[in-house]
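S.K.: Listed here are the chains, written in short residue letters.
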Amino acid sequence: KNQVEQSPQSLIILEGKNCTLQCNYTVSPFSNLRWYKQDTGRGPVSLTIMTFSENTKSNGRYTATLDADTKQSSLHITASQLSDSASYICVVMRANQAGTALIFGKGTTLSVSS
Amino acid sequence: DVKVTQSSRYLVKRTGEKVFLECVQDMDHENMFWYRQDPGLGLRLIYFSYDVKMKEKGDIPEGYSVSREKKERFSLILESASTNQTSMYLCATRTSATYEQYFGPGTRLTVT
Chain A
169 KNQVEQSPQS LIILEGKNCT LQCNYTVSPF SNLRWYKQDT GRGPVSLTIM TFSENTKSNG
229 RYTATLDADT KQSSLHITAS QLSDSASYIC VVMRANQAGT ALIFGKGTTL SVSS
Chain B
355 DVKVTQSSRY LVKRTGEKVF LECVQDMDHE NMFWYRQDPG LGLRLIYFSY DVKMKEKGDI
415 PEGYSVSREK KERFSLILES ASTNQTSMYL CATRTSATYE QYFGPGTRLT VT
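Just so you know, the sequences run in chain order A and B.
Going from the first sequence to the numbering used here is simple: count from 1 and add 168.
Going from the second sequence to the numbering used here is simple: count from 1 and add 354.
Don't read these hints as lab results, they were simulated from the structure.
Take the hints with a grain of salt, since some may be wrong.
[As the list claims (entries may be wrong)] Distance condition first, Cα-Cα at most 25 Å in a straight line; then the derived DSS-like pairs of lysine-lysine:
hint: 1; chain 1: B; residue 1: Lys372; chain 2: A; residue 2: Lys169
hint: 2; chain 1: B; residue 1: Lys372; chain 2: A; residue 2: Lys274
hint: 3; chain 1: B; residue 1: Lys407; chain 2: B; residue 2: Lys372
hint: 4; chain 1: A; residue 1: Lys274; chain 2: A; residue 2: Lys185
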């Protein structure tokens, strides 16, 4: 079954600290993996897209890793800021002859406190 | 920059009303999508369209219909709103070239 599991479900950290969010997937055939940031009451905004051949991709203080062998990805946030408080959604694209489909994780809610 | 706009940020409707949610994009993307997002369930695909006048059912199409008369506009219709359709509705567009997907700001619909 095509699934995307994220952990933890929620996380609270102090401003300035680092954190890592996890994403495990069983989607096949794999096309790419995305991380989105969703502020409360807003639409998701793309942080990174990673294909099969990419192991690491950075976007400012956000660094995503992908291990296609173990089907795991992580999103590392460095020196967290209050504005990082949001939901982070891992999404995997499945692509085959029938077309493409996005499989969404349920998200990790991050709260950064001062 | 890609811009995806939705007609309302907040909407309150009564049970049984017909509801129209409109999405407009300015990037000439072929593909457009409607999702709903509920706590603990994540985003679920309602309908999508890969061209004008074309539509495909997503995972949860029951109780919804869509219309795409122009490339830039994709409408979601609730024929007879029910309380279980209270949710956050998100529109998205996607280019076939890069598969990058862009979301609108969302419409928080409450059906009473």
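S.K.: Confirm or reject each hint.
M.R.: Verification of the hints:
1. B:Lys372 x A:Lys169: violated, 36 Å
2. B:Lys372 x A:Lys274: violated, 29 Å
3. B:Lys407 x B:Lys372: holds, 21 Å
4. A:Lys274 x A:Lys185: holds, 24 Å
The structure is inconsistent with the numbered hints 1, 2, although it conforms to all the rest.
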